[in-house]
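Colleague: Here is what each chain is made of, one letter per residue.
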Amino acid sequence: MEWDWDFAWSIMPTLLAGFRITLIATALGAVVAAVLGLVFAILRRSANRAVARTTGFVVEFIRGTPLLVQLYFIFYVLPDLGLRLPALTAGVIGMGLHYATYAAEVYRGGIEGVPRGQWEAAKATNLTTRQTWLHVVLPQAVPPMIPAMANYLLAMFKETPLLSAITVLELMNQAKSVANSSYRYVEPMTLVGVMFLVVSLISVVALRWLERRYGRISR
Amino acid sequence: MDQPIIRIQNLRKSFGTLTVIDGLNFDVMKGEKLALIGPSGSGKTTILRILMTLEDISGGRIEVCGEPLYHMQRNGAEVPADEAHLHRMRRHIGMVFQHFNLFPHKSVLQNITLAPMLTKGEARAAADRRARDLLDMVGLADKADYMPSQLSGGQKQRVAIARALALQPQIMLFDEVTSALDPELVEEVLEVMKRLAAETDMTMLLVTHEMGFARDFADRVLFFDKGRIVEQGPPAQLFTAPQEDRTKSFLRKIIAAGQRV
Chain A
1 MEWDWDFAWS IMPTLLAGFR ITLIATALGA VVAAVLGLVF AILRRSANRA VARTTGFVVE
61 FIRGTPLLVQ LYFIFYVLPD LGLRLPALTA GVIGMGLHYA TYAAEVYRGG IEGVPRGQWE
121 AAKATNLTTR QTWLHVVLPQ AVPPMIPAMA NYLLAMFKET PLLSAITVLE LMNQAKSVAN
181 SSYRYVEPMT LVGVMFLVVS LISVVALRWL ERRYGRISR
Chain B
1 MDQPIIRIQN LRKSFGTLTV IDGLNFDVMK GEKLALIGPS GSGKTTILRI LMTLEDISGG
61 RIEVCGEPLY HMQRNGAEVP ADEAHLHRMR RHIGMVFQHF NLFPHKSVLQ NITLAPMLTK
121 GEARAAADRR ARDLLDMVGL ADKADYMPSQ LSGGQKQRVA IARALALQPQ IMLFDEVTSA
181 LDPELVEEVL EVMKRLAAET DMTMLLVTHE MGFARDFADR VLFFDKGRIV EQGPPAQLFT
241 APQEDRTKSF LRKIIAAGQR V
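Quick mapping for you: the protein sequence lines, in order, are chains A and B.
Each residue of the first sequence is one higher than the one before, starting from 1 at the first, in my numbering.
Each residue of the second sequence is one higher than the one before, starting from 1 at the first, in my numbering.
Calculated lysine-lysine pairs in the DSS-like style (CA-CA distance at most 27 Å, straight line):
#	chain 1	residue 1	chain 2	residue 2
1	B	Lys120	A	Lys123
2	B	Lys30	A	Lys123
3	A	Lys123	B	Lys194
4	A	Lys123	B	Lys106
5	B	Lys143	A	Lys123
6	B	Lys253	B	Lys226
Everything labelled a hint here was simulated from the structure, so no lab data went into it.
Turn these sequences into a full structure, and let the hints steer you where they fit.
Modeller: Printed below as a string of structure tokens:
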């Protein structure tokens, strides 16, 4: 087993094309997760018990089943029910939905982390509900959420190779096809690892910074 | 004769099966300084919270500044108040809390100017100017740009008083405002309140365990037990010549605990 630099260079364009898809899938998945997560969190807080309970059940169901199974379901089973999605769309929806359940917990924790006294002070100073959310609750709820959210973003990024199972041409899938046609695994798999590692290391540094910046709020 | 500024009629409040206020009646005249005393769990804090609309009522009726607080007119009939009505009524009332509840992400000055700018549309310059005047009054003119976390408990509570005053309410509610303070910080807060009582004609309701202060501060003292008024009167009378046994035993316990009455 020998490292072949020429081969490594020759497969770089293919891998980078895959890496681009990986980043796009992560970014889109994150947007879906952030938006859906907020929806879940708000529905779970709903005064309507039926809505809150149903949302709770859906969230627990999604969180309690493996992402890979969900991806298969969305991509291979839904077409039988008449809904055929492109691979990347199915992947983004699957990952976004899965991580939305985690994001919902983070939102919930952040909002409940704002003491009741803050809501009461807002009321006593006669702020409207909207002003209370905008000027009192969210500015205190969001900063502590940032490190946890960034953590899930990184976790999701590292789970994108699962999308190769539903034919998304992301980094892992490209590496596999290169390996399968050339019978060389060392270079493609090493490069995949390195690309993930580089992004992860940068992210860890960024995370540390975020935690220092937003991790705690003094009262 | 003046109309009372607060009128509480047959007020009831229960939390689940626990009844904390049961058929309470009393009036507060404009400008009156009222002290509410009594053992913990006697419902005195709940009354302030109800007046600030932080709790719902279970029954009865309250009027503030001549208007029902928890009811409103619709098509000639009186119906439960909606959020818009409560919001409109809240501008009459301000409150200072036991645990200050300053906004930790805002500076001292912003804590005071936030509500006037948002709820009254005051311009920043005007709001700033008045906030600085109020800080001057509570003795914290040099702390305008501090964050709440940089202040002592007594300083936080004085900022909280300034924040409530900035909205110029007609009625101020003080809920055990010195209970969370270290003993050496109590005096600076009481000092501010004494000055406030002397210099303004605001109506003030005070829930306190500081009997000595209640005596100096109040025009009238209400002694509560189990959600009812057991006895009331001017402080000189209630503290020196209480009529009811429960009042007497309560005051004895307070004195035994070492407080000046």
